[in-house]
Each structure stands twice: as C-alpha cells, then as structure tokens.
Amino acid sequence: EAEVAQSPRYKITEKSQAVAFWCDPISGHATLYWYRQILGQGPELLVQFQDESVVDDSQLPKDRFSAERLKGVDSTLKIQPAELGDSAMYLCASSSGADTQYFGPGTRLTVL
Amino acid sequence: GENVEQHPSTLSVQEGDSAVIKCTYSDSASNYFPWYKQELGKGPQLIIDIRSNVGEKKDQRIAVTLNKTAKHFSLHITETQPEDSAVYFCAAGYSGAGSYQLTFGKGTKLSVIP
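Here the protein sequences come in this chain order: A and B.
Residues 67 to 178 in the numbering used here are what the first sequence lists, from first letter to last.
Residues 2 to 115 in the numbering used here are what the second sequence lists, from first letter to last.
In isolation and in its complexed conformation, chain A is listed as follows (with noise of 0.2 Å):
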C-alpha cells in the first residue's frame, strides 16, 4: 500500500538555527498538506498545495516559514529561525481531489 514519507523522523535544533522538513506524497496525489501538531492536540493545517500552486497559507508564520513544491510532487517545509514555540509534530499528508487525507508519519521537531 502507497504511504507518505517523512523525512527526518525526529529534529533536534537550537533556536534561532534553520531546520527544513521534506515530504514526498502518494504517486498521483496533487493535493498536499502540512499540518502542526503540538503535543496533546489536534492536526492543525499551515499550508495546502494542488499541484505545485499554494491553495491555502493563511495560518503559515510567513516571517519565519515557508513551504515549497517546486515540481508539484514532493514538497519542502522550512522555518528559519527556529523559536521555542516551534517544538511540535509536523505532518504531512496528501489526497486525490475531495478524497480521503493519507498522513504521513510526522517529524518530530525539538528546539532547545
């Protein structure tokens, strides 16, 4: 069975340092998303991509984030500096139009 994958599985970072997330979703998915997860809650959505075109980055921290598709298949998630705050699971998932989100299985971000 076709699964997301995630790379790293788990960052340890300083603040201020620059960490990048990469992502390759299912064959044939264009619909792609990255979603935060601090521990103890829910997924929360920071951007959706369709194809290599941002749909949605309204709850992206644009002053220190970004996110890339270039090619629309695998994408790349940066935040640069690190803070404190940015600790959390980031997920990565991807569907086939109004279908099912397949998740990958996260990286797990640590910032000392």
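Please keep in mind that the hints were generated in silico from the structure rather than gathered at the bench.
Take every hint as true, because none was put in to throw you off.
In silico PhoX-like pairs for lysine-lysine, Cα to Cα no more than 25 Å straight-line:
1. B:Lys69 <-> B:Lys107
2. A:Lys144 <-> B:Lys43
3. A:Lys144 <-> A:Lys77
4. B:Lys58 <-> B:Lys38
5. B:Lys43 <-> A:Lys77
6. B:Lys23 <-> B:Lys110
7. B:Lys72 <-> B:Lys110
8. B:Lys38 <-> A:Lys77
9. B:Lys69 <-> B:Lys38
Note that the structure is a prediction, hence the values are computed from the model and not measured.
Keeping the supplied structure of chain A fixed, place chain B upon it in accordance with the hints.
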C-alpha cells in the same frame, strides 16, 4: 472559521465494552466528517468517514452517526479490544478547490483495559 469541539478528552473502558466519542462543529457549510486514530509516534490514520448526505455509517465494530441539524457527530466502537487503545481525532471539512480542508478536534485518549 470552523471550530470543532471533542469530548471526552480521556476515556477508559473495559475490554469488550463500547466506547463513544462525541464532536460538535460550528460551520454549517462543513460536509465531510472523518475520524482518525493516532498511535504513539505515528501519523493519524483514517478509520471511518461520513459525508453530509448520510446519517450513519458502519464498518465492522466501528460506526459513525451524524446529525446535521444539531451539528454533531459521534464515533461508536463496540466490543473494544486492547489494540483499540490510541488517540482518536474527529474532524470537519468542506470541499474547496477540489479538495477538503479539515479542522480537527483536540483528541480523545482511549484506554481499553484488558
């Protein structure tokens, strides 16, 4: 925007008993209601979903009911097993630009006691 409330936050049941988790939503435009199960260290996994044109859906031991008038939906797990122990999230979504945007509840930690 959409707001999803989920209750209870924790739930303990004896193996074999039933578990019920309830969610309410605020946006009447929402028309898609999935439930996800998240095990420790893993991403959420869809277990069942329902769309606004049906009131109930069942898949083996799992069922979901939807009351659009009252804006609430519920997850029912019967004959619970220890492997059902996990965090469960409800979500509400609406279709835009050919895809769904989901708003999640805060989760329910279910513990099934053998």
